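**Q** Given chain A, put chain B in place with the hints provided.
Below are the chains, spelled out letter by letter.
2 protein chains.
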Amino acid sequence: MANLPKATLSVLISLTLLSFFPATLSFPRLRSSRFLGKFSSFNNKGSLGAPPYRYETRYFDQNLDHFSFSDLPKFRQRYLINTEHWAGPDQLGPIFFYCGNEGDIEWFAANTGFVWEFAPRFRAMVIFPEHRYYGESMPYGSHEEAYKNASTLAHLTAEQALADFAVLITELKKNLSAQACPVVLFGGSYGGMLAAWMRLKYPHIAIGALASSAPILQFEDIVPPGTFYDIVSNGFRRESISCFNTIKDSWDVIESEGQKSNGLANLTETFRFCKKLESTDDLSNWLSDAYSYLAMANYPYPADFLMPLPGNPIKEVCRKIDNSPNGTSILQRIFEGVSVYYNYTGNAGCFNLDDDPHGMNGWNWQACTEMVMPTSSSRNTSMFPPYDYNYTSEEQWCLENYHVKPRPTWITTEFGGHGFKKALETFGSNIIFSNGLLDPWSGGSVLEDISETIVALVTEKGAHHLDLRSATTGDPDWLVEQRAAEVKLIKGWLDKYHGRKRTAFDM
Amino acid sequence: MANLPKATLSVLISLTLLSFFPATLSFPRLRSSRFLGKFSSFNNKGSLGAPPYRYETRYFDQNLDHFSFSDLPKFRQRYLINTEHWAGPDQLGPIFFYCGNEGDIEWFAANTGFVWEFAPRFRAMVIFPEHRYYGESMPYGSHEEAYKNASTLAHLTAEQALADFAVLITELKKNLSAQACPVVLFGGSYGGMLAAWMRLKYPHIAIGALASSAPILQFEDIVPPGTFYDIVSNGFRRESISCFNTIKDSWDVIESEGQKSNGLANLTETFRFCKKLESTDDLSNWLSDAYSYLAMANYPYPADFLMPLPGNPIKEVCRKIDNSPNGTSILQRIFEGVSVYYNYTGNAGCFNLDDDPHGMNGWNWQACTEMVMPTSSSRNTSMFPPYDYNYTSEEQWCLENYHVKPRPTWITTEFGGHGFKKALETFGSNIIFSNGLLDPWSGGSVLEDISETIVALVTEKGAHHLDLRSATTGDPDWLVEQRAAEVKLIKGWLDKYHGRKRTAFDM
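Chains as they are written, first to last, in the working numbering: chain A, 1 to 507; chain B, 508 to 1014.
Extracted from the complex, chain A is given alone in its bound form:
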């Protein structure tokens, strides 16, 4: 089997760029590779090509530690900015501010067409700031230095990132004499969590937030730990029970095949890996990743979000799994299925496994410090190998691999979680939590209205922050309506702000 041709390599590389919210895949046999966020710290410039939207790239010197006065070097935060359509300070032109997540900000800018497309209508400025420790926004001057050890990574936290955003907006507005201009926050996935938290923590800085696919309740015991994999599994079961069962049965087949003397070689051949498999865990992980990402990217139209995929890709995967000729082995069926994900273009000759799963990367660090999201796989409802969540072993893993002890209750202490609705029904305003129920992250998100102005927009057939993507001709009506509802709410915030402001000026 030959290695991948060059064109296909870029497809695989693009997987390494996936900067959407990473699943915390954690199975006992897959311990070493449970976080997928490791992909997100790589620079994507090579594969992105020309950016689809126009912006200037600028840099801003940030304090590494906003909450203490340690004598640390500043770092350069990158941000993308477009003021072409901005109404300017005199007319209180709005500022659309995307809360950058765990990856290169240009990738998010390219995949958040919604913000770019609606900004001109609002005569809004657009800003995409990069999250510290990702892309080019590296403390200590380089990725290598920033990711050197637990001490250099210490300041990679959500609160510091939010403070970066707060300082950046405040300074930018001051420089533009735009202090009175309203800021609207946007974010998807982890960026959506940041957008919601930012509105709650910095109401004086932003008048509202659209938080798309933001699983801010995926902590501690707020939602059942099996939620994520149950939703992925349901995505397959709703297409076909036999597809679900084939996948569910496949793990034991893989396991027993692996125990045969020639087993790993056979599996390597069946799944067309470029290099020989070293363990069945690597294969199981590779498959689990595919299923999870398929669920997130289960969009109603063909898209090239993580990988080039057909519309409703899970339907396609299950079609392949179910419709193989009689006598096709279960492993061959599985291979045909995941090829929809890994090789939809048909160009891949063989497949490479992920890079070193032990490599230091941003999301792994975050998951080993603050972002402790309990994850399990239920024997009854999940098609994945069963796994009971065990905090102690997670902690052990983090101590061994990152020399850091997680603080599993910190996020809910800092941002709330338990009793979220009760706390906010008489506090706060202007947040939209948008979710598609096909998205496995929807299980940890806010799915019901909290108050009149903190609202949930839920679509039955949406997947991971689909609403933030650019409009396409393939958009179903419900998606068009969802975006229209979001625009209407944002317009309402702005009208109210401008109205009050004008009244204030009249006084």
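It should be emphasised that the hints constitute simulated quantities derived from the structure, not laboratory data.
As the structure is a computational prediction, the values presented were derived from the model and not from experiment.
Note that CB positions come from ideal geometry on N, CA and C, so glycine has one too.
Keep in mind that the hints are not guaranteed to be accurate.
[Stated by the list, open to error] Stretch by stretch, here's where chain B covers chain A in the computed footprint (C-beta under 8 Å, at least three residues):
(1) 67 to 77
(2) 163 to 173
(3) 199 to 208
(4) 414 to 421
(5) 425 to 437
**A** Just chain B now, with coordinates in the frame of chain A:
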């Protein structure tokens, strides 16, 4: 002149305990002693005597850095707790939580009778946690180690203190199975700022806050920098214009006296200092401190808050200044006046100046990092020596003395300030900003209602967080009414919380 007798020493020592909000006195000639918070880091156990209220003293291990994962040692936070009257978790008994300020928590507990006196009526638990780096709550094991240098002091910030409070409450509630019990925050002065900020930043942790004398707007250019000294000055002018003028004229007299060959010796004798004055600045500072503290403690009844004082002490000071026999020199009049402050008991034989004004202390550090409150003294409206605020020289002073660079715009970025009302009129709820207009800190406080539930209670004749003190027989009607209004509002928050909670339980 003999040194002070022992009994009087304790009076002077008690000044070193004053842990209410320190004035940022800053005159060009008084540069070295511009922050008074230096008193507040001393332990007051010796002078406090038996605490007037009953509580247990407990300790809690806190992370030194909540917002980063640096490998720092934990520290023991002290807190005082009383559960005698608590209704318990089943009845959702409230928790009254005082946000400890920049000093020994036992001193605040002793001077915040309001919380203790109303807790039984609400069947509330009472908790007084100590602020990090004050009292016994010392990082690195001791005051000496914690205050060693800029690096050890780095984590003395308001945000870290708020996070301490949040973690402490959350853990305490968990241990008591009291997660659903409502928390009400209290705080006076800097503690009032913390209470208001805590309600805004941690709405999921506390249902409301009584923030007394909390100058959260005393930053940057939100209020005029002359506000503080103008209010102090007005406190004297309203008693007597001649008193105001005598004080205003005295600075030049002191200055020219000091330039005479025997001047400092003469001044030392006139003001009865135990040791010879080294400069007129020391004297001016000593006098300015007295006037400022007199304004803060200008209570309507005799009290022993900072020093033993008569009711309406400024009236008494001015009576002394104005009514000295004909021919009494201006300096002698001034001395008679401030003796009301420094020696009301009449026991002092001579006076000691403050301790080393360069000594590291908590509030000085905070004022040189986050708490940058511009202060000036107007030639026209202030009775103090004129002084224009100059940030550059403040920064220079901090760099030289504490090796730290202030971040003068950080507090307003983190907590808001400009457009405070606009930001919160449709966001947040349940905060009482109480202020007395005699209090010089009222000028930087919230004096008008922000919304229906973020309200201002203003009394014309109140001084520094008078409402938080215990009830006395000398309380005027307006003070009784102010406290009743506060209790009614807090009861409203709790009733609403309990009502909603019961409804939730019924569902």
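**Q** Are there three or more residues in the stretch 425 to 437 of chain A whose C-beta lies closer than 8 Å to some C-beta of chain B?
**A** As far as the stretch 425 to 437 of chain A goes, the hint holds, because 6 residues have Cβ atoms under 8 Å from chain B.
**Q** Can you confirm whether chain B covers the stretch 163 to 173 of chain A, using C-beta to C-beta distances below 8 Å and requiring at least three such residues?
**A** Since 4 is at least three, the answer is holds.
**Q** How does the stretch 199 to 208 of chain A fare against chain B when you require at least three residues with a CB closer than 8 Å, holds or violated?
**A** holds (count 6)
**Q** Do three or more residues from the stretch 67 to 77 of chain A put their C-beta atoms closer than 8 Å to C-beta atoms of chain B?
**A** Result for this restraint: holds, n = 5.
**Q** Quick one: see if chain B covers the stretch 414 to 421 of chain A, three-plus residues with Cβ-Cβ under 8 Å.
**A** Our answer is that it holds, as 7 residues pass the Cβ test (under 8 Å) against chain B, meeting three.
Checked against the numbered hints given earlier, the structure satisfies every one of them.
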